[in-house]
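Between the sequences and the hints, there should be enough to build the whole structure, so can you do that?
This is what each chain is made of:
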Amino acid sequence: MLRPRSSTCSKQSVCYDPATKPNPGGVAVILVVVEHDRGALSPASLEALTAARSLGDIEALTIGESADHLADQLGAYGALTVHQAHNEMLGDYGPEAWGEVVAQTVRALSPAIVLACGTDRGNEVIAQAAARLDLPFAANCVSFRPDAGFEVTRLRWGGSLLENASLAAEIKLVTIAHHAVDAEPATVQGSATPAPFAGSLDSSLARSIVSGRVERQAGVTLSTAPVVVGGGRGVGSPEGFGPLQELAAELGGVVWCSRAVTNSGWRNHTDQVGQTGTRIAPDVYFACGISGAIQHWVGAMASKNIIAINTDREANMVTKAGYAVIGDLHQVVPAITAEIRRRRT
Amino acid sequence: MRVLVCVKRVPAPGARINITADGQEIDSAHLAFTISPHEECAVEAAAQLVEQHGGEATVLTLGPAEAEEQLRYAVSVGMTGAVLLPTDDGEWDPQRTAHAISSAIKELESSGGEFDLILFGNESADSGGFQVGVRVAYALGRPMVNGGKALSIVDRVAHVERESDSGRETYELPLPCVIGVKEGINLPRYPTMKGRLASKKADVNSIVPVGQPGGLWKIVLQRPAETKSETIILGTGPDAAAAVVDVLEAIGVL
Numbered sequence: 001m002l003r004p005r006s007s008t009c010s011k012q013s014v015c016y017d018p019a020t021k022p023n024p025g026g027v028a029v030i031l032v033v034v035e036h037d038r039g040a041l042s043p044a045s046l047e048a049l050t051a052a053r054s055l056g057d058i059e060a061l062t063i064g065e066s067a068d069h070l071a072d073q074l075g076a077y078g079a080l081t082v083h084q085a086h087n088e089m090l091g092d093y094g095p096e097a098w099g100e101v102v103a104q105t106v107r108a109l110s111p112a113i114v115l116a117c118g119t120d121r122g123n124e125v126i127a128q129a130a131a132r133l134d135l136p137f138a139a140n141c142v143s144f145r146p147d148a149g150f151e152v153t154r155l156r157w158g159g160s161l162l163e164n165a166s167l168a169a170e171i172k173l174v175t176i177a178h179h180a181v182d183a184e185p186a187t188v189q190g191s192a193t194p195a196p197f198a199g200s201l202d203s204s205l206a207r208s209i210v211s212g213r214v215e216r217q218a219g220v221t222l223s224t225a226p227v228v229v230g231g232g233r234g235v236g237s238p239e240g241f242g243p244l245q246e247l248a249a250e251l252g253g254v255v256w257c258s259r260a261v262t263n264s265g266w267r268n269h270t271d272q273v274g275q276t277g278t279r280i281a282p283d284v285y286f287a288c289g290i291s292g293a294i295q296h297w298v299g300a301m302a303s304k305n306i307i308a309i310n311t312d313r314e315a316n317m318v319t320k321a322g323y324a325v326i327g328d329l330h331q332v333v334p335a336i337t338a339e340i341r342r343r344r345t
Numbered sequence: 001m002r003v004l005v006c007v008k009r010v011p012a013p014g015a016r017i018n019i020t021a022d023g024q025e026i027d028s029a030h031l032a033f034t035i036s037p038h039e040e041c042a043v044e045a046a047a048q049l050v051e052q053h054g055g056e057a058t059v060l061t062l063g064p065a066e067a068e069e070q071l072r073y074a075v076s077v078g079m080t081g082a083v084l085l086p087t088d089d090g091e092w093d094p095q096r097t098a099h100a101i102s103s104a105i106k107e108l109e110s111s112g113g114e115f116d117l118i119l120f121g122n123e124s125a126d127s128g129g130f131q132v133g134v135r136v137a138y139a140l141g142r143p144m145v146n147g148g149k150a151l152s153i154v155d156r157v158a159h160v161e162r163e164s165d166s167g168r169e170t171y172e173l174p175l176p177c178v179i180g181v182k183e184g185i186n187l188p189r190y191p192t193m194k195g196r197l198a199s200k201k202a203d204v205n206s207i208v209p210v211g212q213p214g215g216l217w218k219i220v221l222q223r224p225a226e227t228k229s230e231t232i233i234l235g236t237g238p239d240a241a242a243a244v245v246d247v248l249e250a251i252g253v254l
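Top to bottom, those sequences are chains V and E.
Read in order, the letters of the first sequence are residues 1 to 345 in my numbering.
Read in order, the letters of the second sequence are residues 1 to 254 in my numbering.
If you are wondering where the hints come from, they were derived from the structure by calculation, not from laboratory data.
Don't take each hint at face value.
In silico negatives: residues of chain V with every beta carbon more than 10 Å from chain E [to be verified]:
1. P146
2. E163
3. T193
4. E239
Label pairs and their calculated CB-CB ranges [as the list claims (entries may be wrong)]:
5. E:E51 - V:S264: 18 to 26 Å
6. E:E51 - V:D182: 43 to 51 Å
7. V:A148 - E:T192: 47 to 55 Å
8. V:S191 - E:T20: 49 to 57 Å
9. V:R341 - E:I251: 14 to 22 Å
10. E:V210 - V:A148: 25 to 33 Å
11. E:G23 - V:R38: 41 to 49 Å
12. V:R341 - E:E91: 47 to 55 Å
13. V:R233 - E:G252: 43 to 51 Å
14. E:V210 - V:S191: 34 to 42 Å
15. V:P226 - E:T192: 44 to 52 Å
16. V:E239 - E:S111: 47 to 55 Å
Nothing here was measured: the structure is a model prediction, and the numbers come from that model.
Ideal Cβ placement from N, Cα and C applies to all residues, glycine included.
As structure tokens, then:
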């Protein structure tokens with residue numbers, strides 16, 4: 001339980017200065033749960049703030065002191081207040097501790113909607129809060145209709161299907177699908193009022209806090225890389241991935257592979273990107289020898305540009321991509337890498 | 001060591017997913033069914049843990065009577081027991097499902113002893129609710145992390161790794177605990193002949209599921225709008241490289 005700050009609010013687990021308390025008769029309060037990694041803001045949270053602006057007044061929640069410095073940035077994206085949860089247990093991420101902080105903040109504020117971005121962490125934290133509050137939770141929504149009994153449209157099958165659903169609860173817990181909206185700063189630039197609160201969390205919540213890390217040496221991951229080079233069945237062999245790796249390295253990107261590839265033993269299964277739910281959005285996605293089964297397509301369709309390389313002009317990926325090269329990826333990919341190097345020298 | 005794996009029976013769709021006329025379900029008339037992919041990896045993880053540490057691994061599902069097919073498949077790849085929570089009224093919402101599963105787990109534990117580890121998939125392939133495992137863990141008062149891409153048990157502590165934007169995070173959860181795993185944590189094995197025979201003979205324990213409907217109600221399913229784009233063919237074979245790099249320059253990634 002978060003400890004009350006003063007005796008005047010002893011019934012509440014979270015306590016606020018009266019100045020920052022929401023007006024109960026006013027506009028709907030949207031509580032946006034901000035995702036960050038030891039103070040580094042996840043850009044996905046800016047998508048959540050952007051989506052929340054059309055729903056009501058935004059109050060953001062940051063968890064852990066390391067995120068206090070984000071208040072100005074959150075204000076630029078429309079947050080009026082930033083509730084800042086402080087506790088020595090919150091130095092790093094832990095799904096249960098974060099979920100408990102969200103649940104307690106929700107109990108104290110009674111927002112109309114609780115919203116986060118549908119990243120792995122976002123969905124996990126809201127699910128934890130939903131369990132604690134015994135409230136329904138709609139994950140990976142792409143639209144909200146607050147007037148129509150709060151209907152949402154949400155992703156199923158990683159986006160291959162959409163579901164219209166109604167969310168019947170006093171407080172709506174939702175995540176917005178990653179890449180469903182582009183993050184845009186608020187047109188009216190405001191500054192967010194920080195509202196720090198101290199608290200104590202039950203020590204049992206420490207059981208699921210991050211205990212260690214292996215930092216990646218190169219700075220890019222599938223979700224942050226500007227370029228992703230994907231290989232499918234058409235790559236044909238483990239060695240076939242060498243040129244893909246070279247092209248990715250040349251552009252500061254990463255390689256991903258389909259399940260068909262790991263099932264064939266061409267790549268280690270740890271390099272596999274699942275067929276369920278992973279969505280990438282790089283500046284450029286090279287789809288090499290990938291036919292474009294529906295789950296793969298929905299995972300890649302948010303890419304800003306897709307260049308398909310395939311021998312089959314009629315392949316699904318070729319007909320859906322913005323650009324295509326018809327040919328054998330084993331010849332085309334090294335030629336592209338060589339051309340890049342030639343222009344750079 | 002006692003392990004429980006919770007799985008879901010889902011259709012295995014091809015290049016296109018069709019919906020029934022009433023918009024309530026996937027048209028599965030011509031589709032095979034399978035275990036949701038993350039959960040197939042959870043079954044494999046359970047099989048490996050029992051091979052290393054001894055003990056037993058039980059597979060559990062909530063779904064139609066036909067889901068027995070998925071339970072028997074799981075037995076054929078190493079599970080030692082199977083539990084079905086039969087439903088005959090379509091899809092259950094996440095809160096109701098979680099309540100039924102946590103109640104069934106309490107019942108199984110009261111007779112057979114505590115499960116040291118309960119595994120889920122990160123999310124189900126079809127409904128993608130991202131919450132049943134979390135709700136079950138909370139109802140049982142056990143720690144939980146989702147998204148596991150590596151899992152080992154040492155001295156009754158579950159070591160879990162998962163991917164983050166900056167690399168890999170590790171978690172150390174004391175048993176008993178609940179872990180959601182992601183595809184890619186392992187490569188699920190195929191059934192052996194011996195496994196197939198065992199799966200035919202296996203007893204499937206049935207528990208009547210209990211749970212009131214929750215607050216997320218499906219209204220209708222729809223297919224996303226087709227994105228029809230004009231594909232610009234940049235060329236044929238390696239000669240197209242210059243045109244490709246022109247595009248990269250125009251985009252600004254060079």
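Exercise for the section: Check each numbered hint from earlier against the structure, then list the numbers of those it violates in ascending order. Expected result: 2, 13, 14
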